[in-house]
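Could you put the whole structure together from the sequences, leaning on the hints where they help?
Take the sequence shown: its position 128, counting from 1, is numbered 152 in this note's numbering, and each next residue is one higher.
These are computed hints drawn from the structure, not numbers from a lab. Be a bit skeptical, because a hint or two may be false.
[To be verified] No farther apart than 27 Å at their CA atoms in a straight line, the calculated lysine-lysine pairs in the BS3-like style are these:
| id | residue 1 | residue 2 |
| --- | --- | --- |
| 1 | Lys288 | Lys593 |
| 2 | Lys250 | Lys26 |
| 3 | Lys66 | Lys363 |
| 4 | Lys606 | Lys288 |
| 5 | Lys607 | Lys593 |
| 6 | Lys250 | Lys88 |
| 7 | Lys606 | Lys593 |
| 8 | Lys553 | Lys523 |
[Stated by the list, open to error] Restraint ranges, calculated between C-beta atoms of paired labels, are given here:
| id | residue 1 | residue 2 | range |
| --- | --- | --- | --- |
| 9 | Trp356 | Ala226 | 45 to 55 Å |
| 10 | Asp181 | Pro589 | 48 to 58 Å |
| 11 | Glu608 | Asp494 | 51 to 61 Å |
| 12 | Arg534 | Asp453 | 41 to 51 Å |
| 13 | Lys607 | Gly504 | 22 to 32 Å |
| 14 | Arg369 | Ser312 | 25 to 35 Å |
| 15 | Ser674 | Asp318 | 28 to 38 Å |
| 16 | Ala315 | Gln110 | 35 to 45 Å |
| 17 | Arg489 | Gln460 | 27 to 37 Å |
| 18 | Ile97 | Ser689 | 58 to 68 Å |
| 19 | Lys523 | Ser435 | 23 to 33 Å |
| 20 | Lys523 | Ser492 | 19 to 29 Å |
| 21 | Arg649 | Pro589 | 12 to 22 Å |
Glycine included, every Cβ here is placed at the ideal spot set by N, Cα and C.
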Amino acid sequence: MKQRNWHDRVFFGLHFDLHANEKDTELGRALTVEHLITQLSKIKPDFVQCDCKGHPGYTSYPTKIGVPSPGIIQDAVRIWRDATRQLDIPLGMHYSGVWDTAALLRHPEWGRINNPAGEQAKGEKAGGHDPNMTCPSSDYTDAYMIPQMLEIIEEYDVDGFWVDGENWASAPCYCHTCQAGFRALYGDVPAPETPEQPLWQAWLAYSRDRFVDHVRRYADAVHQKKPDCTICSNWMYTVRQPEPIAAPVDYISGDFSHIWSAEKATVEARFMDSRPLSWDLMAWSFSSHGAMRDWVFKSAGALCQEAAVVMSCGGAFMIYDTPNRDGTLVAWHMDELAKVAQFCRARQAFCQDTKTVPQIVLLHAREHYYSNNEPLYQLGTATDPLEGALHVLLENNLHVDIRNTEDLIQSIGRFPLCVVAEQDQLSDDTVAVLEQYVRDGGYLLISGAEQTKRFDALLGVRDARPDSLDQALFLPVDNGAVCAIGHWRQVEITENETKEVSPLLLSRDRGESERLSGGSAATIRPLGKGKIAGIYGPLFASYTKGHYPAVRSYISRLMALLNHPDLLKASAPAHIQITLRKKEDQLMVHLVNMGVDHPLSPKSPFVEQVPTAGPVALRLPLDNRPYQVCLMPAATPVCWSYADGQLSVSISQVGIHDILVIKLSPDVP
Numbered sequence: 025m026k027q028r029n030w031h032d033r034v035f036f037g038l039h040f041d042l043h044a045n046e047k048d049t050e051l052g053r054a055l056t057v058e059h060l061i062t063q064l065s066k067i068k069p070d071f072v073q074c075d076c077k078g079h080p081g082y083t084s085y086p087t088k089i090g091v092p093s094p095g096i097i098q099d100a101v102r103i104w105r106d107a108t109r110q111l112d113i114p115l116g117m118h119y120s121g122v123w124d125t126a127a128l129l130r131h132p133e134w135g136r137i138n139n140p141a142g143e144q145a146k147g148e149k150a151g152g153h154d155p156n157m158t159c160p161s162s163d164y165t166d167a168y169m170i171p172q173m174l175e176i177i178e179e180y181d182v183d184g185f186w187v188d189g190e191n192w193a194s195a196p197c198y199c200h201t202c203q204a205g206f207r208a209l210y211g212d213v214p215a216p217e218t219p220e221q222p223l224w225q226a227w228l229a230y231s232r233d234r235f236v237d238h239v240r241r242y243a244d245a246v247h248q249k250k251p252d253c254t255i256c257s258n259w260m261y262t263v264r265q266p267e268p269i270a271a272p273v274d275y276i277s278g279d280f281s282h283i284w285s286a287e288k289a290t291v292e293a294r295f296m297d298s299r300p301l302s303w304d305l306m307a308w309s310f311s312s313h314g315a316m317r318d319w320v321f322k323s324a325g326a327l328c329q330e331a332a333v334v335m336s337c338g339g340a341f342m343i344y345d346t347p348n349r350d351g352t353l354v355a356w357h358m359d360e361l362a363k364v365a366q367f368c369r370a371r372q373a374f375c376q377d378t379k380t381v382p383q384i385v386l387l388h389a390r391e392h393y394y395s396n397n398e399p400l401y402q403l404g405t406a407t408d409p410l411e412g413a414l415h416v417l418l419e420n421n422l423h424v425d426i427r428n429t430e431d432l433i434q435s436i437g438r439f440p441l442c443v444v445a446e447q448d449q450l451s452d453d454t455v456a457v458l459e460q461y462v463r464d465g466g467y468l469l470i471s472g473a474e475q476t477k478r479f480d481a482l483l484g485v486r487d488a489r490p491d492s493l494d495q496a497l498f499l500p501v502d503n504g505a506v507c508a509i510g511h512w513r514q515v516e517i518t519e520n521e522t523k524e525v526s527p528l529l530l531s532r533d534r535g536e537s538e539r540l541s542g543g544s545a546a547t548i549r550p551l552g553k554g555k556i557a558g559i560y561g562p563l564f565a566s567y568t569k570g571h572y573p574a575v576r577s578y579i580s581r582l583m584a585l586l587n588h589p590d591l592l593k594a595s596a597p598a599h600i601q602i603t604l605r606k607k608e609d610q611l612m613v614h615l616v617n618m619g620v621d622h623p624l625s626p627k628s629p630f631v632e633q634v635p636t637a638g639p640v641a642l643r644l645p646l647d648n649r650p651y652q653v654c655l656m657p658a659a660t661p662v663c664w665s666y667a668d669g670q671l672s673v674s675i676s677q678v679g680i681h682d683i684l685v686i687k688l689s690p691d692v693p
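Right, dumping it as structure tokens:
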């Protein structure tokens with residue numbers, strides 16, 4: 025049973041790191057306790073994180089174990105500790121783990137041995153020691169990293185470590201120790217270097233286990249030293265690492281992209297909320313035109329929009345800013361962040377400690393992900409179907425959760441509708457669970473040319489002749505058509521109950537000029553107490569490439585045909601995301617406005633302001649008439665009615681993040 029920790033209670037935090045290096049000359053020079061208290065008091069965060077060791081490996085405090093930066097003038101960590109003591113808030117450490125360049129300058133033998141057949145980054149060589157990334161089986165973790173973390177606890181009594189440069193910095197290591205461990209499991213075989221070689225997936229799984237063991241070792245050591253000191257490995261057990269939690273981390277967290285930020289936070293928030301640990305997401309307070317330079321501070325509106333994505337899913341929100349090299353914080357940045365903090369605090373009561381109301385669930389199958397991602401934990405294109413499905417459903421104003429295979433199997437019966445978007449390598453057990461789910465009354469949507477084949481008997485279809493067409497294909501939408509991107513199957517219906525949603529077209533023409541392929545693009549079949557629908561091509565993966573409005577309309581029609589009676593139904597602009605949550609006797613319908621005032625593009629990626637949006641009409645099934653309905657946090661009255669088990673609400677416009685609060689029982693004195 026997980027013990028509660030300070031992170032379980034926080035809602036808004038700040039993160040400051042500066043990645044100290046060998047060229048620094050004034051670290052901590054101008055920093056004072058009074059300065060930190062003055063600046064942080066503007067914002068009143070629940071917790072803060074400061075720098076102690078970044079990716080270059082040089083510490084910003086006077087370590088006796090590692091490599092201190094030659095530019096340390098004052099011990100900034102000591103000043104941060106004294107200030108947070110006075111503010112009575114937890115202090116976490118930004119500490120780079122797998123990535124430690126300075127340690128490898130002293131101990132190159134600790135470096136990861138890169139894949140002899142792989143393409144290397146600048147400064148690396150194929151088959152040689154990596155100059156930046158350590159091997160999880162080397163002595164680095166036990167002889168260097170752990171003693172340094174314990175040193176920090178002894179010197180500063182810190183409350184946690186946010187360990188950066190971890191899973192996303194990891195790759196298979198071909199050192200003698202790692203290869204020997206692999207042979208001990210699989211016999212006298214060489215570690216494979218390419219996907220075509222035998223045991224490639226086993227080698228990747230073994231390599232992932234080595235990383236998890238690295239985290240387990242330092243987490244256990246820290247917890248033994250100070251049980252209430254928290255451990256978080258950046259991005260561990262998030263979308264990029266969807267397996268069951270095995271390492272003893274205390275919470276999960278990640279810093280999402282500095283550009284196109286709200287979109288990136290959306291998929292992570294809806295998956296992280298499914299995990300049995302508290303979680304937060306960190307926004308970068310600054311952005312650029314894409315490159316990791318030429319930084320500009322984001323608008324308060326942009327950061328509020330990013331916060332809304334996170335808060336609406338029940339997570340804590342953290343903002344990352346860089347201090348000056350002398351340790352001081354940028355005062356006007358803190359003034360802007362105070363506005364964001366005020367925005368978040370106004371919504372805290374309707375976000376924190378809420379739980380999802382099951383509606384639609386997306387499967388994020390680790391079997392699919394690890395068969396298609398870039399080893400070890402880079403997303404590549406493996407999450408394109410997941411993200412495309414999430415986006416198109418959210419843009420149809422539907423509430424969506426994401427679960428990994430294990431969690432879905434345990435909880436699928438709670439969800440009216442399940443979407444399996446082009447997921448490969450599903451086990452027979454998973455397929456059997458999905459079939460039983462439909463027969464028991466669930467609604468299931470399966471997509472993909474190859475992925476639907478295992479469900480043909482349930483869908484009531486079979487391959488047509490020819491089973492695929494090497495030409496441009498189209499989907500009919502209203503009176504027009506939209507291109508069907510990627511490889512699509514040609515299927516024909518075999519069961520009377522199966523109905524065609526739409527044919528697959530050979531041209532854009534409609535009416536008398538319409539050219540049918542002879543196959544169905546999508547079908548629906550009642551089965552048992554439920555329904556199963558199939559889309560016979562990569563519609564969701566393709567949606568990530570362009571968000572074609574006609575594809576959104578196609579999915580809208582399909583959802584209308586499925587027509588599950590328990591789903592919240594909404595009519596709203598596509599850029600309003602809806603999240604349905606509950607807390608005690610209240611339902612919360614979160615309305616997150618993803619709009620912008622100035623059109624975004626790769627050459628204009630900055631959110632300047634978020635204009636109001638609307639109107640919004642909602643219909644929500646409820647067993648009983650609610651006692652109160654209003655729009656928070658401003659307590660704005662709304663037009664609502666209740667009849668025939670349906671709550672109907674009309675809202676003229678919403679801001680960045682408004683919450684429709686539905687009180688289900690009267691106040692008890």
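inquiry  = Does Lys593 sit within 27 Å of Lys288, going by the straight-line distance between their CA atoms?
reply    = 25 Å, holds
query = Given a hinted range of 35 to 45 Å, is it respected by the beta-carbon distance of Ala315 and Gln110?
reply = 39 Å, holds
ask   = At the C-beta level, are Arg534 and Asp453 separated by a distance inside 41 to 51 Å?
value = 43 Å, holds
Satisfaction of hint between Lys288 and Lys606, Cα-Cα up to 27 Å = Holds, at about 24 Å.
Pairwise beta carbon distance, Lys523 to Ser435, judged against the given window 23 to 33 Å = 29 Å, holds
inquiry  = Taking 45 to 55 Å as the stated bounds, is the beta-carbon spacing between Trp356 and Ala226 within them?
reply    = 54 Å Cβ-Cβ, so the 45 to 55 Å window holds.
message = Against the range 48 to 58 Å, how does the distance between the Cβ atoms of Asp181 and Pro589 compare: consistent or not?
response = 56 Å, holds
ask   = CA of Lys250 to CA of Lys26, is that 27 Å or under?
value = 16 Å, holds
key: Whether the CB-CB distance between Glu608 and Asp494 falls inside 51 to 61 Å   = About 57 Å separates the Cβ atoms of Glu608 and Asp494, which means 51 to 61 Å holds.
key: Outcome for the supplied range 12 to 22 Å, where the beta carbon pair is Arg649 and Pro589   = 18 Å, holds
task = Would you check the hint for Lys66 and Lys363, treating anything up to 27 Å between C-alpha atoms as holding?
result = 9 Å, holds
ask   = Keeping to a limit of 27 Å between CA atoms, is the pair of Lys607 and Lys593 held or broken?
value = Holds. Lys607 to Lys593 sits at ~21 Å (cutoff 27 Å).
Taken one by one, the earlier hints fail for this structure at numbers 13, 15, listed in ascending order.
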